[in-house]
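Chains W and G, in that order, are what the protein sequence lines are.
Heads up: the first sequence runs through residues 635 to 765, numbered per the numbering used here.
Heads up: the second sequence runs through residues 635 to 765, numbered per the numbering used here.
These aren't lab readings, by the way, just hints derived from the structure by calculation.
Heads up, some of the hints might be wrong.
For chains that are exact copies, the list does not tell them apart, and a pair is met inside one copy or across any two.
What the hints assert, rightly or not - Derived BS3-like pairs (lysine-lysine); straight-line CA-CA distance at most 25 Å: (1) Lys738 x Lys653; (2) Lys685 x Lys653; (3) Lys685 x Lys745; (4) Lys653 x Lys745; (5) Lys714 x Lys738; (6) Lys714 x Lys685.
Protein chains: 2
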Amino acid sequence: MSAHSDEQALEEGSSFAPKFDANGLIVCVTVEAATREVLMVAYMNQLALDKTIETGVAHYWSRSRQSLWRKGDTSGQVQKVVSLSVDCDQDALLLAVEPGGDGKACHTGRKSCFYRTLETEDGARRLVFRS
Amino acid sequence: MSAHSDEQALEEGSSFAPKFDANGLIVCVTVEAATREVLMVAYMNQLALDKTIETGVAHYWSRSRQSLWRKGDTSGQVQKVVSLSVDCDQDALLLAVEPGGDGKACHTGRKSCFYRTLETEDGARRLVFRS
Chain W
635 MSAHSDEQAL EEGSSFAPKF DANGLIVCVT VEAATREVLM VAYMNQLALD
685 KTIETGVAHY WSRSRQSLWR KGDTSGQVQK VVSLSVDCDQ DALLLAVEPG
735 GDGKACHTGR KSCFYRTLET EDGARRLVFR S
Chain G
635 MSAHSDEQAL EEGSSFAPKF DANGLIVCVT VEAATREVLM VAYMNQLALD
685 KTIETGVAHY WSRSRQSLWR KGDTSGQVQK VVSLSVDCDQ DALLLAVEPG
735 GDGKACHTGR KSCFYRTLET EDGARRLVFR S
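Next comes chain W alone, as it looks inside the complex (with noise of 0.2 Å):
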């Protein structure tokens, strides 16, 4: 195929294709469902994405811990899988789930792991808690 075709069927067809990474690796952005809330950006290999679809329940790639991450095994805050998407070029997915156990994502006991935003002031940026 040429890489037109090649571009077209990616992006237009039925085929789930997802591009990992030179480390294994794609990029997962997780939002609560009900909401649509981003809670969390996190990696999947190829075998946390077979075990998330295989078995309804988020499972990542720990980059820093170098394992397989059931989300939850330890928090409790097991992520069920209400949808997977994929983006145009099928190097992100897009996570919607029903968070389990005190509802939250992130280790530091927030529902959200974005719970700061930038301030500038004269040029000077900071970080303000929203939540």
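We have chain W already, so just place chain G on it with the hints.
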């Protein structure tokens, strides 16, 4: 500082200290501010991040073209920044924007890049268009 106090400062401090990867990039999830819909996932380097903060308009780093990319320069789909958040360990950004032009973000002509969702049947995987 100890590793623990470093981590504490990174996660609980007000210092904006985005962690760029080995390629000098940080992943950015861009959502529509009004609806919180995830529009796209892209990457920023230090330059793109600085331009985004200084101009109030989303700039990314194109990995395929290896160049700074002011979103909307060719499409008119300029993204006005409403807020910029960072995750707990500061290796991912969340940008909330007001999309300009026709309000779309994806180069395929769709509002969001995440227009296909995975379905499985008897273990077979295929993508279904949802928009």
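Hint check:
For the identical chains of this complex, lysine 738 and lysine 653 are inter-copy neighbours only, at 24 Å across copies versus 29 Å inside a copy, given an alpha-carbon limit of 25 Å. For a Cα distance limit of 25 Å, the shortest separation of lysine 685 from lysine 653 inside one copy, 17 Å, qualifies, whereas the shortest one across copies, 29 Å, does not. Taking CA atoms no more than 25 Å apart as the test, lysine 685 paired with lysine 745 passes inside one copy only; the shortest distance there is 24 Å, against 30 Å between copies. Taking identical chains as interchangeable, the C-alpha atoms of lysine 653 and lysine 745 lie at most 25 Å apart only when they sit on different chains, with a minimum of 22 Å there against 29 Å within one chain.
For the homomeric pair lysine 714 and lysine 738, the shortest alpha-carbon distance inside one copy (13 Å) is at most 25 Å, but the shortest distance between copies (30 Å) is not. In this assembly of identical chains, the alpha carbons of lysine 714 and lysine 685 lie at most 25 Å apart only when taken from the same copy (12 Å versus 38 Å across copies).
Comparing the model with each numbered hint stated earlier shows that all of them hold.
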